[in-house]
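Build out the structure end to end from the sequences listed, making use of the hints.
Counting from 1, one number per residue, gives the positions in the sequence shown under the numbering used here.
Hints were generated in silico from the structure; no laboratory data involved. Take the hints with a grain of salt, since some may be wrong.
[To be verified] When the alpha-carbon atoms are kept at most 20 Å apart in a straight line, the in silico PhoX-like pairs for lysine-lysine are as follows:
#	residue 1	residue 2
1	K110	K182
2	K3	K182
3	K51	K182
4	K3	K19
5	K110	K51
6	K110	K124
7	K19	K31
[To be verified] What follows is a set of in silico ranges between Cβ atoms, one per label pair, in the way DEER data are often shown:
#	residue 1	residue 2	range
8	E30	S69	39 to 45 Å
9	D114	K182	19 to 25 Å
10	K152	P99	24 to 30 Å
11	R85	F126	14 to 20 Å
12	T157	T55	38 to 44 Å
13	K19	K152	17 to 23 Å
14	H180	R143	20 to 26 Å
15	T18	N125	24 to 30 Å
Where is the CB? At the ideal position from N, CA and C, for every residue including glycine.
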Amino acid sequence: MSKTGLYMLAVMPAPDVTKEIEGMRIQFAEKYHCKAALKPPVHITLIPPFKSADTIEPIIIKEIELLASTQSAFSVSLHNYDVFRENQVVFIHVEPEPPLWSLQRLLQEKFLTDYSHFNIKTFKNFAPHITIGYRDIPREVFRAAAIEYLAKPYSATFPVNEFYLWKHNSVNWQVLYTFHLKQP
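Structure follows, in structure tokens:
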């Protein structure tokens, strides 16, 4: 009997950038007493969490591996902070790099056509970002955090040579598979 798993596809920054951002998230959590953003690893979501029978894992992996092999590696630039006011999210802005948008669009199209039964939440307007704080931020705290972070500068660039299929193990997200992009 197959089990149902919770999955998502994501890009993870280079280890040095991840470590730096993890430090920012910890500082945010300590200052504003908001710890929800510390649960998932530092990432940029390509396909949001979706449920599926775990028996489909080999099929998804094989098909996405084929798609990944046609896409070239690229770089992502992070520039300053921003907020989603309606959802009370503080995040690092990801510059609109065409290869990132193209990869996300191809993956989304794949899921909408070949895996429509997953009922994945699609992005009408893909807004790539790296979350610093969200979910457990009281409104008055969010206002103060938004003012502080919108005034802060930040900049980093990292190579994207792969992206990941994550699976939730009921405690945290773990890398189930690494999809390697074509090297130039």
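Output the indices of the hints that this structure fails to meet, ascending. Violated: hints 2, 3, 4 and 14.
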